[in-house]
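Asker: Residue numbers (our numbering), protein chains in the order written: chain Y, 1 to 351; chain H, 1 to 274.
These aren't lab readings, by the way, just hints derived from the structure by calculation.
Note that CB positions come from ideal geometry on N, CA and C, so glycine has one too.
Do not rely on the hints blindly, as some may be mistaken.
[Unchecked claim] BS3-like cross-link-like pairs, simulated, lysine-lysine; straight-line CA separation at most 25 Å:
| id | chain 1 | residue 1 | chain 2 | residue 2 |
| --- | --- | --- | --- | --- |
| 1 | Y | Lys115 | Y | Lys312 |
| 2 | H | Lys55 | Y | Lys204 |
| 3 | H | Lys118 | Y | Lys207 |
| 4 | H | Lys31 | Y | Lys71 |
| 5 | H | Lys118 | Y | Lys206 |
| 6 | Y | Lys203 | H | Lys55 |
| 7 | H | Lys118 | Y | Lys204 |
| 8 | H | Lys86 | H | Lys175 |
| 9 | Y | Lys252 | Y | Lys206 |
| 10 | Y | Lys203 | H | Lys118 |
| 11 | Y | Lys206 | Y | Lys146 |
| 12 | Y | Lys252 | Y | Lys121 |
| 13 | Y | Lys115 | Y | Lys301 |
| 14 | Y | Lys125 | Y | Lys301 |
| 15 | H | Lys118 | Y | Lys146 |
| 16 | Y | Lys252 | Y | Lys115 |
| 17 | Y | Lys207 | Y | Lys146 |
| 18 | H | Lys31 | H | Lys55 |
| 19 | Y | Lys204 | Y | Lys146 |
| 20 | Y | Lys121 | Y | Lys301 |
| 21 | Y | Lys203 | Y | Lys252 |
| 22 | Y | Lys266 | Y | Lys71 |
| 23 | Y | Lys252 | Y | Lys204 |
| 24 | Y | Lys206 | H | Lys55 |
| 25 | H | Lys55 | Y | Lys207 |
| 26 | H | Lys83 | H | Lys175 |
| 27 | Y | Lys266 | Y | Lys125 |
| 28 | Y | Lys301 | Y | Lys312 |
| 29 | Y | Lys252 | Y | Lys146 |
| 30 | Y | Lys125 | Y | Lys115 |
[As the list claims (entries may be wrong)] Here's a subset of chain H near chain Y, in silico, CB distances under 10 Å, partners left out:
| id | residue |
| --- | --- |
| 31 | Val52 |
| 32 | His53 |
| 33 | Lys118 |
| 34 | Asn135 |
| 35 | Ile137 |
| 36 | Ile217 |
| 37 | Gly219 |
| 38 | Lys222 |
| 39 | Gln232 |
| 40 | Val236 |
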Amino acid sequence: MKYKRLCLVTVVCIILCTLPACSGKSSDDRTLTVFNYSEYLDPDMLERFTEQTGIRIQYEEATTPEEMYTKYTTGAISYDLLCTSDYMIKRLIDEGEAQEIDFSALPNYSNIDDKIITLSKSFDKDNRYALPYFWGTVGILYNTGKVTAPVDSWNVLFDGEYSGEIIMQDSMRDSFMVALKALGYSLNTTDENEIREAAELLKKQKKDVASYLVDEARDELVAENAVMGVVYSGEAYLGNEYNSDLEYVIPKEGSNLWIDSWIVTKSCTDTDAARQFLDFLCEEDVANANFEYIYFSTPNKAVVDDMDEELKTNTAVVPTDESIENCEIYEALDPDTTNLYNELWKEIKSE
Amino acid sequence: MSRKKVQVLSIPYILWVIGFTVIPLLFVFAKASTNAEGDLTLEYLLAIFDPVHRKALLLSIALAFTTSLICVVISYPVALILKTSKFKNTKIIMFVMILPMWMNFILRILAIQLLISKNGVINHLLSMLNLPSLNIINTPAAIVVGMVYDYLPYMLLPVLNCVLAIPDDIIEAGKDLGAGRLRVFTRILLPLSLSGIGSGITMVFVPSMTEFVIANILGGGKIQLLGNVIEQEFSVSMNWNLGSGLSVALMVFVLITTFLFGHDSSGSNRNFVL
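Make the full structure from the sequences, and use the hints.
Answerer: Have a look at this one:
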């Protein structure tokens, strides 16, 4: 008898609990599945978006563009919005995975810097698919206490003066980029001779290199285990915070310029919600919160205009027009060139 | 135990071996003997003879050999000392030896990196004493230090077990029959502990041969072992065929060492039991 009553109570409870959810669903239970790099967006902003619009966000993260691509194409989760890097955006557009965005319906789109929109044409020809989110460069972070001569060229990494004090990126494309630019070639070159010449330069440089690192490069420079290193501009700001002797420079020969952008996937059905989310990201407040979360360069003019003078004049955070004049965005390499890169990189590493 | 019971009890392990050893191995062999188009080829299995790969293999062998040797040199005297000492509580000894393994091995390698880096703890102490600084970070020596640190317990345990198990009577008998200290060591102790050293070497040499994480952290990405080449082929170059081909070649070398040392140890072990 007692048991029966317990059952009844439980059933009633379950019904009561699910009722509000059911009624909610009928009116505005909308969900967006958002895919982004890890630690690339202030989590508070997601909550704020849901409070403002009632649209729930299902947030997914990945660390590399390749990982994102694999997860996206396997189709286990149907993503609505995705933020990734230039060459991967191009690949997704080329494969027909992106939906056109009606930018005229985004009131805050006017906050986005025209310069970055123009640069985005290298992977989104008519600016129809991609909304710029963050951008930056690759440059040299050096210790002004140990390097007295002004650093403005990649040659400082190759002239042997700072032998044993140099950190290079342990990434094939970025290391070749440095050598190609030092030689005055395009970083997207497919000319075998130019690439081989760059490889020779890197081989000769190896004895002067303290180590090839990726994420630890900044920490090693902060700890002064080396005096200069090739880093992403996002690392430079924090490097300077931890060790004020560290300065960032984009060498005059030019460098890699990268832009991470949002696209709406072709499987997104609630495009109105997607539009609201993208417009929300362009709001000054929100863009500023995200900027202060990671300190990469923001394409949001309103945020840049309201920055402190100290931040605004920091080339790692706000690169000047002339410093990026010779910079190029990576283009996807053809398979033959990729194979050549792989082979030469292995030779360099085995020197 | 009845035959049937044995069969039933072995099912979990058999499933494990099939799922995580046999099937993956078949995949690796299949990838190694075909090219990207799926046609049979020997190209990737023979790629080990390519100068870049051969160099990486030789370096891997050299570092693994040095590591094993250093481990023996450190472990054996410890085992002898413990054998002759009055302190026979092996449980406590084992505990102390396994203690470092309680911490994640990458964490320990990162700690070593902090210790030996250019502005690291050791160099700070040396400079305070006006001594020349230690510059081994990002060299093969640093990798050997890391590997010895990580793999020493795998040498210590079998060597210690083996040495402690040698009956004192045999040594006494040898001494009674007029053998000097050196003779006792070369004719009794060493031959009887070869099995322990053999399995120790196998357990240190094999992981050292295939190492790539320690090489990356302590070698600063400058030293390329065969493990690093294979890792790069899988994760960066996306050439799984070449990666598999090199893995199979590495397996052959590992098998050769295991056979060399394993054979020797089983032989002496049997003598000892008799």
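Asker: Evaluate each hint against the coordinates.
Answerer: Do the hints match the structure? See the list:
Straight-line distance between C-alpha atoms of Lys115 of chain Y and Lys312 of chain Y comes to about 17 Å, which keeps the hinted pair within the 25 Å bound. In summary, the hint linking Lys55 of chain H to Lys204 of chain Y is supported, as the alpha carbons are separated by about 18 Å, within the 25 Å threshold. Between Lys118 of chain H and Lys207 of chain Y the CA atoms are separated by roughly 16 Å; this keeps the pair inside 25 Å, and the hint holds. Simply put, Lys31 of chain H and Lys71 of chain Y have alpha-carbon atoms about 23 Å apart, close enough for the 25 Å limit, and the pair holds.
At most 25 Å may separate the alpha-carbon atoms for a hinted pair to count; Lys118 of chain H and Lys206 of chain Y meet this at roughly 18 Å. A hinted pair counts as satisfied when its Cα atoms are at most 25 Å apart, and Lys203 of chain Y with Lys55 of chain H qualifies at roughly 16 Å. Our distance criterion of 25 Å between C-alpha atoms is met by Lys118 of chain H and Lys204 of chain Y, whose separation comes to about 23 Å. Among the hinted pairs, Lys86 of chain H with Lys175 of chain H is consistent with the structure: their alpha-carbon atoms are about 20 Å apart, no more than 25 Å.
Under the criterion of a C-alpha separation no larger than 25 Å, the hint pairing Lys252 of chain Y with Lys206 of chain Y is consistent with the structure, at around 23 Å. For the given pair, Lys203 of chain Y sits about 23 Å from Lys118 of chain H by alpha-carbon distance, which is consistent with the 25 Å threshold. Restraint check for Lys206 of chain Y and Lys146 of chain Y: satisfied, since their Cα atoms lie roughly 21 Å apart, inside the 25 Å limit. At most 25 Å may separate the alpha-carbon atoms for a hinted pair to count; Lys252 of chain Y and Lys121 of chain Y meet this at roughly 23 Å.
For the given pair, Lys115 of chain Y sits about 10 Å from Lys301 of chain Y by alpha-carbon distance, which is consistent with the 25 Å threshold. Distance check on the hinted pair: Lys125 of chain Y and Lys301 of chain Y sit about 22 Å apart at the alpha-carbon level, within 25 Å; holds. Straight-line distance between C-alpha atoms of Lys118 of chain H and Lys146 of chain Y comes to about 15 Å, which keeps the hinted pair within the 25 Å bound. Restraint check: the Cα-Cα separation between Lys252 of chain Y and Lys115 of chain Y comes to about 19 Å, which is no more than 25 Å; the hinted pair holds.
Between Lys207 of chain Y and Lys146 of chain Y the CA atoms are separated by roughly 20 Å; this keeps the pair inside 25 Å, and the hint holds. For a cut-off of 25 Å, the pair hint linking Lys31 of chain H to Lys55 of chain H stands: about 23 Å separates their Cα positions. For the hint pairing Lys204 of chain Y with Lys146 of chain Y, the CA-to-CA distance comes to about 23 Å; that is within 25 Å, so the pair holds. At roughly 19 Å between alpha-carbon atoms, Lys121 of chain Y and Lys301 of chain Y fall within 25 Å of each other, so this suggested pair holds.
Only pairs whose Cα atoms come within 25 Å are accepted, and Lys203 of chain Y paired with Lys252 of chain Y is accepted, the gap being roughly 23 Å. Annotation: proposed proximity of Lys266 of chain Y to Lys71 of chain Y holds, straight-line Cα distance about 15 Å (limit 25 Å). Note on Lys252 of chain Y and Lys204 of chain Y: the hinted pairing holds, with a Cα-Cα distance of about 22 Å set against a maximum of 25 Å. As the CA atoms of Lys206 of chain Y and Lys55 of chain H are separated by approximately 17 Å, the hinted pair is consistent with the 25 Å bound.
Straight-line distance between C-alpha atoms of Lys55 of chain H and Lys207 of chain Y comes to about 17 Å, which keeps the hinted pair within the 25 Å bound. In summary, the hint linking Lys83 of chain H to Lys175 of chain H is supported, as the alpha carbons are separated by about 16 Å, within the 25 Å threshold. About 18 Å separates the Cα atoms of Lys266 of chain Y and Lys125 of chain Y, which keeps this hinted pair within 25 Å; it holds. Pair hint Lys301 of chain Y plus Lys312 of chain Y holds up; C-alpha atoms about 11 Å apart against a cutoff of 25 Å.
In summary, the hint linking Lys252 of chain Y to Lys146 of chain Y is supported, as the alpha carbons are separated by about 21 Å, within the 25 Å threshold. Restraint check for Lys125 of chain Y and Lys115 of chain Y: satisfied, since their Cα atoms lie roughly 14 Å apart, inside the 25 Å limit. Look at Val52 of chain H: its Cβ gets to within about 5 Å of chain Y, closer than 10 Å, so that hint holds up. For His53 of chain H, the interface hint holds, the least distance from its beta-carbon to any beta-carbon of chain Y being 8 Å, beneath 10 Å.
Against a cut-off of 10 Å between C-beta atoms, the interface hint on Lys118 of chain H holds, since the closest Cβ of chain Y lies about 5 Å away. Residue-level restraint check for Asn135 of chain H holds (minimum Cβ-Cβ distance to chain Y is 9 Å; threshold 10 Å). Annotation: interface hint on Ile137 of chain H holds; nearest CB of chain Y at approximately 8 Å, less than 10 Å. The criterion of a C-beta within 10 Å of any C-beta in chain Y is met by Ile217 of chain H, whose closest approach is roughly 9 Å, and the hint holds.
Nearest Cβ of chain Y to the Cβ of Gly219 of chain H: about 8 Å, under the 10 Å cut. The hint holds. The interface hint given for Lys222 of chain H holds, since its Cβ lies 6 Å from the closest Cβ of chain Y, which is under the 10 Å cut-off. The criterion of a C-beta within 10 Å of any C-beta in chain Y is met by Gln232 of chain H, whose closest approach is roughly 7 Å, and the hint holds. A hinted interface residue such as Val236 of chain H counts as satisfied when its beta carbon comes closer than 10 Å to some beta carbon of chain Y; here the least separation is about 7 Å, so the hint holds.
The structure meets every hint from the earlier list without exception.
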